[in-house]
Amino acid sequence: MNFTSRANCKCPHSQKHQQKPALIKSHTCAYQLQDLAGYNRALMPPLDNTDLSSAWRQVNNNTTSQSCAYHQQQDAKDSKRPYHHHTCPRQRKKPATHMCQEPQQRRSRSASAKPRRNSSYHSYDDLDVSSAVLNAERKVVASLKYLCACTGATLRNLSKKTKDLHAKNYTYTKPTWRLWGEEHEKNAIFTVYLKKVRYHRPTPTASNDSDDEISHLEWETVRVRFVKAATLARLVEALATDDGELESTFINVFLSTYRTFSTPKQVLSLLTQRYDALHEKHLEELEQVQQNGQGMDPAYDPHNSIHEQHKKTLVSALHVWLDGFPEDWHEENLQQILAFAMKRLKRSDLHIKVLNRLERLIRQSVYGNGGGGGGGSEGNGLSWLSAAGSQQMQQFMIPTHYGSSYDLTDQFNGMYLAPMGHGPIYRGPTHFLQAFRFPHVPIRHFAEQLTRMDTELFKRLIPHQCLGHTWARRDSGGSETVVATINQFNAVLFRVVSSILIDRLKPQERALNISRWIDIAQELRMLKNFSSLKAIISALNSNSIYRLSKIWEVLPKERMEVFKELARICSEDNNAWTLREVLKREGTAKNPESNPGSDHSDRHMQKLILNLGTQTSHGTIPYLGTFLTDLTMIHTANPDYLTENKLINFDKKRKEFEVLAQIKLLQGAANTYNLQADALFDHWFNSMPVLDEREAFELSCRLEAQPPAPRKSVVSTNTSLTNTTASSTASIIGHRKTDSIHSNSSSGAGSQFYCELNSSTSSRHNSLDRDANHQHTSLMSASSSVSNLSLDSSNSGGRQSGKLTHSQSMGNGLKSHGNGTTNGGSPHINAQLVQPTSGTPQSAPDFYIIRVTYETDNIELDGIVLYKSIMLGNNERTPQVIRNAMLKLGLEDDPERFTLAQVLPDKELVMPKNANVYYAVNTNYNLNFILRPRKEEGVAGS
Amino acid sequence: MREYKIVVLGSGGVGKSALTVQFVQCIFVEKYDPTIEDSYRKQVEVDGQQCMLEILDTAGTEQFTAMRDLYMKNGQGFVLVYSITAQSTFNDLQDLREQILRVKDTEDVPMVLVGNKCDLEEERVVGKELGKTLANQFNCAFMETSAKAKVNVNDIFYDLVRQINKKSPEKKQKKPKKSLCVLL
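Chains as they are written, first to last, in the numbering used here: chain A, 1 to 942; chain B, 1 to 184.
No lab work stands behind these hints: they were computed from the structure.
Bear in mind that the values here come from a model prediction, so they are computed numbers and not experimental data.
Heads up, a few of these hints could be off.
Facing chain B, according to a computed beta carbon distance under 8 Å, are these residues of chain A, among others [unchecked claim]:
#1 W471
#2 V483
#3 F489
#4 W577
#5 D630
#6 L631
#7 M633
Note that CB positions come from ideal geometry on N, CA and C, so glycine has one too.
Construct all of the structure, not just a fragment, from the sequences and the given hints.
Here it is as structure tokens:
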């Protein structure tokens with residue numbers, strides 16, 4: 001698909017058009033199924049109704065030598081079809097005021113030194129050029145349905161003469177538009193265009209038509225009014241008005257966007273009221289006719305009265321609404337429309353439709369959620385989707401919930417982490433062994449499964465939830481389908497990252513994983529799934545992956561080139577121009593296209609595309625972010641209301657609709673994917689650990705150390721040093737600690753600062769611990785185990801032996817992880833601990849990442865509790881840490897009123913009031929903390 | 001002409017998009033078209049030098065949290081925006097800054113801290129002093145702006161251009177570019 005405009009196109013065709021506009025009869029656009037969109041296009045003016053030229057915006061065009069797709073198509077048509085030019089003398093006499101307007105304007109802002117490519121066109125025209133070409137060339141049935149809806153309204157609004165012409169299969173050329181002016185009425189502003197429509201007989205085989213039936217009409221001028229701004233009541237009224245032709249897509253623009261200024265209930269009431277009013281008027285009219293005596297006006301046909309027409313228009317509007325926006329029709333609204341249908345349209349199609357809908361809804365609510373007993377296939381499908389959705393939602397939530405963090409820990413415990421009191425190593429689920437394991441995964445299958453997941457979510461996406469108005473207030477709900485799509489994107493991205501970072505692998509093996517993901521990304525490109533494609537490319541480009549230069553070095557050059565090509569497609573540069581172009585070109589195409597305009601560097605992709613031939617067709621999954629940004633920007637840049645009367649700015653709605661229509665078009669195309677779910681893949685997907693950005697970075701740093709002169713953490717620079725003995729000791733030890741190799745012993749250099757354990761610990765262990773610290777040059781496992789043991793023994797002697805083995809195994813785990821990737825003995829990595837690597841002591845980070853949960857009296861710890869990760873610098877004291885945690889958790893209170901405690905397997909370690917937390921924590925265990933309001937008795941303290 | 005890639009970051013609803021639109025479009029906001037290639041480009045003159053600014057506004061995509069790395073990787077200068085009417089948007093910036101420093105792997109990143117919506121003085125919850133303190137801590141410039149009232153909008157971007165110039169003068173222009181493409 002090509003958005004190059006005709007004005008922009010330098011092919012002979014368009015030049016002819018520009019030079020002799022009056023003579024062009026050849027831009028025929030057959031009124032046939034494929035061209036419905038073109039039909040719409042013909043009926044729509046350029047978007048910008050105050051300045052035609054700006055709607056035809058363009059920038060310098062360096063690739064104008066080839067003709068645009070539109071013209072290529074037209075040329076093809078023209079060559080097949082002889083011209084039939086019926087001229088009408090009467091028409092000829094008309095003054096030629098309606099000159100073809102093809103304003104051409106260079107954008108002044110494009111004066112940059114950099115050569116500009118075609119800009120994308122942005123107007124109603126262009127949207128429909130796209131759909132016209134698309135649909136004519138590639139039948140996308142689903143998307144047509146949507147456009148048919150527009151046309152339905154269109155047909156009714158056409159002047160009768162025009163309608164007759166269409167009924168006889170006349171074709172017409174693209175009409176030309178001319179801005180007439182604005183009309184101000186009470187509560188509404190209209191923009192008025194004059195539209196010139198040319199007509200054309202399509203084929204010479206009209207022999208069965210008698211000459212009388214051919215009108216010989218060549219062209220006519222129609223006045224078209226567009227609502228620029230109006231009150232809600234006037235907008236509803238505009239669905240069927242008394243005079244003139246109305247904007248064809250009005251109904252769709254209205255129904256897609258009205259939620260930004262009204263509610264379904266309100267609009268429905270207004271619609272039915274309007275219908276009632278028309279009904280009354282019609283009755284009055286009939287009465288009048290009868291009063292005036294029969295036979296007075298034989299031409300009067302009650303069924304063709306203008307009121308009757310409008311009533312029909314309203315009913316079809318209701319049909320479009322019911323069919324196109326099922327999300328609006330919950331029971332209450334259905335009841336309302338049912339009451340209306342009962343009253344006015346008994347046993348009509350509308351009535352039956354509403355009844356069926358209501359019945360289905362009620363059946364769903366009765367059987368629906370109960371485990372799939374009853375209900376039709378649709379109900380099952382829906383409940384399955386929603387179940388999958390909620391499951392995904394939970395899974396995809398980047399660990400903000402304890403629930404998912406537990407999942408994470410479980411996975412780590414099972415597969416990667418030292419078993420902290422959980423039993424044997426490799427306690428992972430057995431079915432994991434049968435599941436996929438990177439890099440030995442079927443590439444195509446993975447790409448297809450990712451696409452399958454995306455398709456489900458994308459098809460469920462409700463376009464108007466993307467509207468800036470709705471999306472900007474995402475917290476208040478109403479955009480669940482958008483959030484679900486984004487969560488999936490993030491989920492894919494995180495899985496790519498973790499699949500590369502976790503496990504103990506050689507750089508070559510990691511490179512192989514990267515290479516595998518590049519392969520999958522390539523397949524996704526072929527499947528035209530730009531969402532997951534972008535997720536994978538972004539993951540590979542994310543900080544924690546791209547900084548691993550040693551791994552990238554061993555990546556085969558050819559893979560690297562493919563990666564570059566794909567990254568170029570996904571680039572955000574120039575307002576994500578590349579991705580936009582690709583989407584426009586291939587949006588609803590069967591297959592990806594090699595881009596003739598792109599530079600030769602895309603040879604890998606082009607080769608693949610050429611090899612693809614004419615295989616099965618696919619849909620397209622776009623990257624939603626671009627649309628969301630566009631809609632946010634449209635929302636920002638355009639006021640909601642115009643003039644002092646607070647008229648709804650309908651031009652803004654039209655702009656928004658344009659983006660929504662693209663989404664809807666692509667949703668239709670997405671139906672062409674036919675991919676089967678694979679439970680094994682889902683299992684793999686859900687079993688992958690999710691690392692947040694910091695965790696990923698820390699893992700990454702462990703694989704490849706940060707360059708020397710590490711930055712100081714921002715938080716830590718902010719804290720002041722106090723001069724209590726404890727702190728000074730801490731800082732001394734701290735220095736030693738970072739300089740030494742193995743001093744991060746398991747039970748901790750800081751254990752002497754454990755001022756309080758839940759089961760009280762005596763201070764006599766300090767000496768022991770110091771001893772342990774002094775042995776910093778030796779391997780820590782033995783000494784630390786001893787100190788750990790002694791610590792535990794004071795707690796409960798009975799558990800002594802168990803603790804001993806535990807801490808030993810812990811020591812092993814830490815040791816192996818300290819030794820880096822060369823130690824093949826233990827595959828455990830603790831994602832939370834930031835420990836110095838033995839080989840590179842200078843890279844020792846001077847902070848930990850700790851997770852803090854807020855616990856109040858009424859929330860149980862084992863429920864779903866929010867936690868936040870915060871950075872813990874090596875000179876941070878308890879109040880500061882509490883303050884940071886509160887900031888992160890969104891608590892606003894006096895830090896003095898909270899206590900902080902580390903969660904250990906069978907106890908809690910409460911931080912003293914002014915301890916250096918960094919040294920106080922027990923690094924044997926996960927750095928999970930609880931923040932809770934200080935109890936009145938003052939539990940913490942001595 | 002030198003090109004500057006500027007990234008606007010901040011939580012949803014702080015008015016990032018309004019700042020960007022205001023800056024790139026100035027008076028012609030009605031004609032603004034967000035979907036074309038150079039929607040977010042603007043040529044400005046700063047200290048007698050012509051500059052082409054390309055602004056990457058993350059508005060609407062804040063929840064693509066995992067994309068931030070990429071935005072940061074490509075940006076040369078950063079606008080960190082919070083709304084003076086919402087404390088949480090102010091608190092979020094600490095993380096954002098840390099992430100930027102991590103991605104850029106340096107302490108010295110051209111950056112401006114912006115408290116937006118200063119026209120809504122009566123709804124203010126984040127004091128100006130607080131903003132200044134944070135800016136001190138970040139060691140970056142600070143300004144309060146209003147996209148609506150057109151206060152200080154251009155200054156954000158001019159200031160960033162100056163910071164970028166100072167950090168990497170034009171002659172060395174290729175150097176930062178190289179560092180951007182470590183893996184390419």
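Hint-by-hint comparison with the structure:
1. Nearest Cβ of chain B to the Cβ of W471(A): about 6 Å, under the 8 Å cut. The hint holds.
2. With a least beta-carbon distance of about 7 Å to chain B, the hint placing V483(A) at the interface is held under the 8 Å criterion.
3. The interface hint given for F489(A) holds, since its Cβ lies 6 Å from the closest Cβ of chain B, which is under the 8 Å cut-off.
4. The interface hint given for W577(A) holds, since its Cβ lies 4 Å from the closest Cβ of chain B, which is under the 8 Å cut-off.
5. The closest approach between the C-beta of D630(A) and any C-beta of chain B is roughly 5 Å, which is under the 8 Å cut-off, so the hint is satisfied.
6. Taken as an interface hint, L631(A) checks out: its beta carbon lies about 7 Å from the nearest beta carbon of chain B, inside 8 Å.
7. For M633(A), the suggested interface contact is upheld, since its CB lies about 4 Å from the closest CB of chain B, less than 8 Å.
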